[in-house]
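What follows is the residue order along each chain.
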Amino acid sequence: MAFNAVKEKYRSKVGEVVLGATKEQGGTRAYTITVGGEAALPFLHFEGDIPNRPVVALEIWDVEPTDWNDCFKPFYADVWNDPAAWAKKCVEEFGADLIVLRFKGADPDIKDASPEDCAKVVKDVLAAVGCPLVVIGCGKPEKDNLVLPLVAETAAGENLLLGVAEQDNYKSLTAACMVHKHNIIAQSPIDINICKQLNILITDMNLPANRIVIDPTIAALGYGVEYGYSIMERARNGALQGDNMLGMPMIGNVGFEVWRTKEANASAADFPAWGEQETRGILWEATTAMALLQAGIDVVVMRHPKAATLIKQNIEELMVKTSFDE
Amino acid sequence: MGLTGLDIFKQLPKTNTGDCGFPTCLAFAMAMAAGKASLDKCPHVTEEAKETLGAAAAPPIKLVKVGTGDTVVELGDETELFRHDKRFYHPTAIAVAIKDTEDVAAKVANFNELEFDRVGLHYVTDMVALTNASGDAAKFKAAAEAVVAGTKKPFILISEDVAALEAAASAVADSKPLLYAATNDNYEAMTALAQKYSCPLAVKGNGLADLSELVEKITKLGYKDLVLDSGNRETSQVLADLTQIRRSAIRKRFRPFGYPTMAFTTKEDAMEEIVQAGVYLSKYAGIVVLKADKKENLLPLESWRQNLFTDPQKPIQVEPKAVAIGDVTPDSPVYITTNFSLTYYIVEGEVEGSKVPSYIVPVNTDGISVLTAWAAGKLTGESIAKALQINDMESKVNHKTLVLPGYVAVLSGSTEEATGWNIKVGPREASGITKFAKENFAK
Amino acid sequence: MEKVSVLFFPDNLIAHVEPGTSLLRAATLAGVELKSNCGGDGTCGRCLVKVKDGRVNVKSTGSISQRAKQAGLVLACQSTVNDNVVIDIPKDSRLDEHQVLLEEKDILMERDEDLAAGYDFKPLCRKVKLTLSEPSLTENVSDLNRLQAALRNEMECGDIHIGLHTLRGLADTLRTGDWRVTVTVTQLNGCADIVHLEPGHAEKPSYGLAIDIGTTTVVVYLLDLESGMTLGKKGTYNKQARYGDDVITRMIHASDDSGLNDLHLAVVNTINQLIDELLSQSHVSEDDVHIAVVAGNTTMTHLFLGLTPKYIRLEPYIPLASVTPPVKAEELGLKINPSAYVACFPSVASYVGGDIVSGTLITNMAKAEEIVLFIDIGTNGEMVLGNQDWLVSVSCSAGPAFEGGGITFGMRAMKGAIEYVRIDSETFEVEVSTIGKSRAMGICGSGLIDCLAKFRDVGIIDRAGKLQTDINTPRMREGDDGWEFVLVWGDVTECGKDIIITENDIKNLLRAKGAVYAGIRSMLKAVQLEEEMIDKVLIAGGFGNYINIRDAITIGLFPDLPPEKYVFIGNSSVKGARLALLSQDAYREAQELGKKMTYLELSVGNDFMDEFVSALFLPHTDMSLFPSVVANNDQKGE
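Chains as they are written, first to last, in the working numbering: chain V, 1 to 326; chain L, 1 to 443; chain S, 1 to 638.
Fair warning: there could be bad hints in the mix.
[Stated by the list, open to error] If you want a taste of the chain L side facing chain S, the calculated C-beta under 7 Å gives, among others: (1) 376; (2) 377; (3) 380.
The set of hints was computed from the structure by calculation and includes no laboratory data.
Using N, Cα and C, we set each Cβ at its ideal position, and we do this for glycine too.
Excised from the complex, chain V in its bound form:
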């Protein structure tokens, strides 16, 4: 009995989504990033082409975070009152492939920043960095429905990735993305069916499927990451088997989720049996990201520069081609 590699025969592949636009394309980005396009399960190069490596984004806020762990201070304390400088440091010093700008400050309960303020921050950040930009609202639909359309208008032509659209609130963002030519994050609550339904609803509004990035909602390691893992794994299998409404690249807010956990933040003094805090926190973030990469995530949104570096290195190693052909 001789060994013959088992290669799956897939009917389809993941769609490609282009983020950002260069001058020639009507924007101001120094380069664009293409995500998706996989014709194989994660990093199984032997069974199909994986044209684009997953990318690592670092997350910045429009307001200075007050509740981030002290271990972030050495990296960000000098810049986090200035989103543009923060973004620049993330790209230039920490090697972020792209920036996720989260409008925490737009939250009525935090700073209630006006849509105009938010639009200005987007302009500033775009001027400071050359990478494509992802913009995420504060998470409160009424406010986001004011902020995001204005951001979309202000940054028309930049081909941003804007989020998030949810099942109960997708129309205004979808419309904004249609008119001003941006991409959309379709977020569903750890449910593959709702994920798919939302994609159908959005494409029913005539936004093309290749402008959608799926956020199936992930939890941190130890807090249900396996559910997000399985949803991503199922979605990717579905995409390869020809289900177009699951055939979009996937994004996950790893840093945001991880740094809310006790395991990432608790000091060694409080939990001596868990070992040293910063290493533990970095690995909590990196392990969450590593797992999701194995399930098919395309855009990993991270927070700790050291964790981001570990994951970029892991991706690089996993992108080494393999083959069982003689």
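Using the hints, position chains L and S against chain V.
Just chains L and S, lined up with the frame of chain V:
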């Protein structure tokens, strides 16, 4: 591929005697197809059927045990490629490498400390991997004895030098260590050694084609307690190899690969090692051998292992812990719902949207929704009372009024009785919460 | 005045009416609905019937054609009766034929034709007239032996049983009748049981009841067991409803003895009331009803027999009994002959009951070579799949939406219920038709299925069932419970209120249809079969007089199979009970079916939940499961 329930049913007597403990032959057949019943439970099955079904029922991946007693590590016997299809059964064993040139006793003592308590679970670092770095048989043997003296947990003896391995194995064979490894150069002697001491044997190939041939040679010698190592060490290639071995075994029933696997990290930096080990753990490795031996390194990895090997068929649940939405005060309303995650998150979203700071108390209903939980007697006055109590709601708020989901308005009486709280019946659909909160709680 | 009888063919339904009653009225009393657009004025010419036997007084022939007159047709509304008559009803005159709707494809009318062919007419109970030889000093066996010997001569039977009560009267009865005697014999499982003795040779036949106990409604058929004719059908709401609309609430109420007794009495009273009506309508005496066959879901059967259903509700969902022994009517308080047997259909599991066994019996699927899917949509959706080799069943909580429950203007399929809807895709103007062509009161299941399909079709809702509030019509408005769509304006409804459909109504409907479809998918998955492998689908349930299969597929309620594979069989539970009443073989088959069916518990694992959520979409999250719907949409898009 396995047989379907209907395929198996065709071979059964179809008499519905119930002697197997299942109400009908079809129910029995379906349980068999799902691996939840075995054919010997049917006293009426024909010899012919036994033969046909027996071959199909053999597990695609052999179960291999390392060690003895309570700490025995079970490897293999998996049936799936994806955890969502059913579940993974035997968690990857994590082995910490110790060299026989180090202070083995001290290292083993440190290894013993690598256990964790988290969310009510106990995580264990499973094995020691003792390497014969010294190249010296006597030293290796002494080190092996030190391992046995220092821990009850199973271990791996790593040396391709048959003499050294024999020296160590002969001393500690009772502990049933995994012998690593049979290669093209030594497999006859190694197999004889494993047979002699009836210890499981690792087989190290030079790529998968070579590995499959080597396994066949060894099984022809009559030994089948094997653990496979493709011999590759680059992350991407090891991932491909581990996947191929698992696929070949499950999808093609390729017998040479019907054994558990093992993988080694190569990184020197402990954090990089954890990420690399995580990849192998995610994708099918039976054992991962690594050097990292600090708690902050192993806790994340073992947490991921715990997550990955849970049963995905269980409904997604949230912790049955009271959650404060917004800036709650002692006047804030208290909403009751269940700990089924979908139900909970819908309620959470609506309560958040109502802009009235509130508590949500998810009652533990084993993760089922409000109506189903009520129907099954899991959402009752008593279970609500218990939830209020364990969350100590009486001290969190200064009132005694709770909001009951509208669908279970019938529970009002029994809840009032069991809790002593006043009942306000909320809307049937979560979408009515905003309006409800405005009418009832807005200042 | 002596009443006269009017027998309607081909239904075999009888009305006993005062002389001078119109045939139209008599038909209504007998339970036959005739077309009557003019309301009995003699002007529309729709209620044509043929007098087969006897004479009627014709007041007017209205506008009926010469040819119709020559064929012996009269207007039912213009003809009165003085004597017993036999009337034949032409197909065209029936209201329930839905002439208008039949012109459209894909509309399935209820079919009552010989679904259960292949069973011999061998009623469970019948009267046997015996003439015994007189005893003498030399021929001196006991009366009972004499009777048994004579009975054995007359019919095939094993052991012959007789109850003490009946036995006590034997000696005198034989002698009163001068050794001629009529014996009422029940044969349930091979052995014969003498339940009644009458001196002489009785004229009257033996009667039996087929009873369907539903959570919401109870239906009783009265049968003449000599001829097999159905003398009457009556249905009403289950009086248990006052203890809760759904099974669960009732189970909770029945957890103590007094609650159990409440529910037991409520259902017995419901049945007794129907029996009363049926018996007086057909002039049959209580004492002449000698058997009843009952089909109900597991909980209903428990409550009817006074067995506690407490543990059905709790994991691991165990019923007290799935097969129950036949009992005597007097033990239950049923108002028929006290020694009559009452036999309940066996159940399969806690949530697949005797009603489904009964339905499965009538579908004949356990004798089919092809793979049949049987779907019974009530408060629970129950499904059976299989053929002669195997049968699996599932139950899913669909909710009462298709019976009108939980829907703002939902109602059962009775007069005034909207059963058909058309909506203009430009103006969103609505055209409805109601049962009985009367003013609209509410919407029944067929109408709700129609609504959902048409709403989606013209874009009133999106695929998630959300009302599209930006469409330009005053019918879309914000009401007390959020957004709603006005189906019929109040000025033309029976209640004077606008008949609306709210977003929550749509959610409930989506859940109901999602549960049914998810049940079907889970069942197919469990046996690893594909939808295409289903050869035939039988639909039962109380949503209306018909079902629009195309619409039901468009909303994703039923699998996307060619409409010709579907048959709508109405209330299959009572029909199965009737069949068992008329055929001992069928009764035995039902007992076997209970054992043969494999119940699949959907609450184990996530599969059902997953299927359910994916079905909460129009038609479904996985569009590839509904190719014909996709093709249809594409066509429209062009």
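Now for the hints, and whether the structure bears them out:
no. : hint : verdict
1   : 376  : holds (6 Å)
2   : 377  : holds (5 Å)
3   : 380  : violated (10 Å)
Of the numbered hints stated above, the single one contradicted by the structure is hint 3.
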